[in-house]
Amino acid sequence: MDSALIPKGVRRCSIGQFALFVGVVGVVLLWGVFAMLLCWIKGLNQTNMNDYYGFALWIWADLAVIALGGGAFFTGFLRYIIGKDELKNIINYAVLIGFICYSSALLILAIDIGQPLRGWFIFWHANVHSMLTEVAFCLSCYFGVLTIEYLPLILENRQLDKVPFFHNLSHNLHEVMAVFAATGAFLSFFHQGSLGGVAGVLFGRPFAYREGIFIWPWTFFLFTWSAAACGPCFTIMITRLTEKITRKTLVKQNVVELLAKISGWMLLTYTIAKIIDTWYWAAVSAPAGGFWLMDFYSNNPLYGPWILITEVLICGALPACILITKSGRKNPFTLMIAAVLAVIGVSLNRWVMVLQVMAVPVMSFDKWVMYSPSWQEVATTILPVAYGVILIAISHRYLPIFPQERELNPIEN
Amino acid sequence: MKKEHSKAKKYGMVIDLDKCTGCGACMVACMAENNVPFKKDESNKLDSITWLRVFKLTNGKSFPDADTCYLPRPCMHCEGEHGHAPCVSVCPATATDYSHETGIVSQIYTRCFGCRYCMAACPYHARYFNWWDPVWPEGMEKLLNPNVSVRMRGVVEKCSFCFHRYQAAKEKAYYEGRQELEEDEYQTACTQACPAGAITFGDLNNPKHAVYELKKDKNAFRLLERLGTNPKVYYISTRKWVRQAGDNYLEGYETEGKVKKHR
Ligand code: SF4
Ligand code: SF4
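Chains E and V, in that order, give the protein sequences. Residues 1 to 413 (full-length UniProt numbering) are what the first sequence spells out, left to right. Residues 1 to 263 (full-length UniProt numbering) are what the second sequence spells out, left to right.
I should point out that these hints are in silico values taken from the structure, not numbers from a laboratory. Where is the CB? At the ideal position from N, CA and C, for every residue including glycine. Careful, some of the hints might be misleading.
Unchecked claim - To spell it out: a stretch of chain E is covered by chain V in this simulated footprint if at least three of its residues, at any positions, have a beta carbon under 8 Å from a beta carbon of chain V; those stretches are:
id	stretch
1	198-204
2	224-236
3	280-289
4	358-372
Let's have the full structure, built from the sequences with the hints guiding it.
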C-alpha cells in the first residue's frame, strides 16, 4: 500500500504489521499525553515533587536524554571535523536519535516548569550568571541545528526527492553539513557543560558543589566529556536493538567498532577524570563545607557507596576496558554489554547529580528525604520513549537512514 | 527639600534562641501578614508553605541532660559574595534579585516561571513552590493583606523581610521629607509578634540599630557559614551544642571553619 514511499531496494514489513506496532506504542504515547495534559491543566501537584525535591525525575530524564543524545554531536564532530569517513554510515541514525533526545528534553522542560506559558522569560529576562540560561540558549539553538541535520534525510524520501526543489535543497544541505556539524559540536560543548554546571555551581549544596576554572565548575567538563563518551554508546545500543527488531544488519561491524573504540577511549579518560574529581571532592571540597564523603552515603535507605562503585567502576572503568580492547569490541555480546553499561553509568551519574543532591541534608538538624515519582511523572517520562520509538519506526520505514542497508541485505529477485 | 542620598542598608535579623519558646506566633503572624496560602490538610509538611519555619533541635541526650531548642528559620537574605546569593545567581529569568540598597533578596512572582532551580540552590529550604492555586476559606479573601500580592500556582515564594512594610515606611518618610527610616518604622511581622522578644530586626550597618551590636555577641553565629552563603540572619545561644548545630563541624576543621571563597 505504501510501497511508493519506501526506499528502493530494501525490504520492509507489511503495512499491517507496521501499523500494529505503531498502534501499540501509540497507546503508551497517549497515556503519556494524558498525564502531560493533567500536569498542564491541573498543575504540578500531579507530581510527587515537593519543596525538598524541586528537581526530580523529569530533570533527571532531561539530563539523561541530553547526555545520550550526545552521540549526534560527537559522531558529527568525528565525521565532519576529524574526518572519520566510515562514520557516514551511522551518522544519520545518530542524528535521528539526537533529534529525538533533544526534542524530548524540550518537551519535558515544558512540562516541568510551573508556568509553561512564561517559558520564554528565560530568553527575555535572561540572567547571564545562570547556568540554566546558558542551557536554554544552547539547547534551543542546537535543536535547530539537529532539525537542519535531520531535514535532508526527510527530503531523501523517494517521493519528496522527486520534487526538484527538495532534491536540490537536500543536496545543498549535505554540502554544507560540516558547518552545521561544527556549530552543533560547539553548542553541544556548552550546553552539555552547562548542564553539569547546573549542579556544580550550587555552593550551598556541598554534595554538588565543585571548584573549577573561571565560571565553570569541573562538572561542566565532566558532563561534556561523559556525553561525548556515552552518547555514541547509546547510538550503538539503539542501532543493535533496531537490527534485532528488524532482523537485519544495518551497519557494518567495522563502523560500529570504530565508534566503539573512540567511545572506549573517551570513557576511559572520562573515568580517570571522574575518579580524580571524586577524590578531590572527597578530600578537599566536601570537608571544607563540613562533610565527610560518607556523610553523603549513609543514614538513608538508598544512597550508599554502592552508587559510586556502580557509576565509576562497573559502569565506567569496566565498559571502557572492554571497548578499548580489540577482542572486546569484536565480540557482539561484550560490545553490547559495554554499551549498555556505559548508558546506565551516565544515566546514574545524572541521577546522582540531580536526585541525590536534593536528598542530602545540608543543615545539621535537617533530614534525608526520599522521593518516588507519581504515575503522572512516570508516564510523562515514558512519553518521549514512545515518541522516539514511533519516529524511529517511521523514519526507518520511509527514509534511507542506513546507507549500507541495501548492500548488507540484498533482495533476490 | 534638602536632597541627601540614603546610605546602603543591610537589613538583617538577630534571633536569640535562648529566648525562643517555639510558640509559633512568628509563623502565624508571617502567614497572615503575607497572604501565605495553606492547604486543607497540612499534615504533609513537604509541600506546605512556611516562609518562616520553626525547627525543633534536640541535643540527642537522654534525661537529665536532654535539651531542646527551637530555631525560627526565615529566608537568610544571603549576600553571598557581592550579592551573589545561592538562589539569585542561578535564577535564569532574573526573577529573584539581591538589592544592594537594602540587602533584601526579592522574589518577583510575575516573572518567576517556576523552574525551581532556586529551590535546589538554597540549602536552608527557605523557598517554597506553589503546587496549588491558593484557595481561601469562604470570606477570607476579604481579610487578606491588600499590600501583598497573592501568588498563583506554579511560582516560587519566600520570606521578603516584609518588604511591603519597608516600602510603606519609605513612602511615609518621603512624604515627610526624610530619607532615613527610624529603627521602629520598619519592622517585620514576626519580630513584632514574638511574645518572648527573641527576634530583633534592623539595619546591620547602622550603629544606632540594636542588631548592629547584637550580631557581634560572642555567642552569635549564622547557619552554614562556611558554605559562603553569607546570611544576614544571626542567631545567639549561650548553649554550645546549639551553636554547633548551626554548621557542620569535622574534626580538624572545628574552629576556623575554613570558610571558602565563592563567586
Ligand atoms: S536563604 Fe535561601 S532563599 Fe534566602 S537568600 Fe539564602 S539561598 Fe536565597
Ligand atoms: S523558580 Fe522562579 S525564581 Fe526560582 S530560579 Fe526559577 S524562575 Fe527563578
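Verification of the supplied hints:
1. 198-204: Per the Cβ count (5), the hint holds.
2. 224-236: With 0 residues close enough to chain V, the hint is violated.
3. 280-289: holds (count 3)
4. 358-372: It holds, with 7 qualifying residues against the three required.
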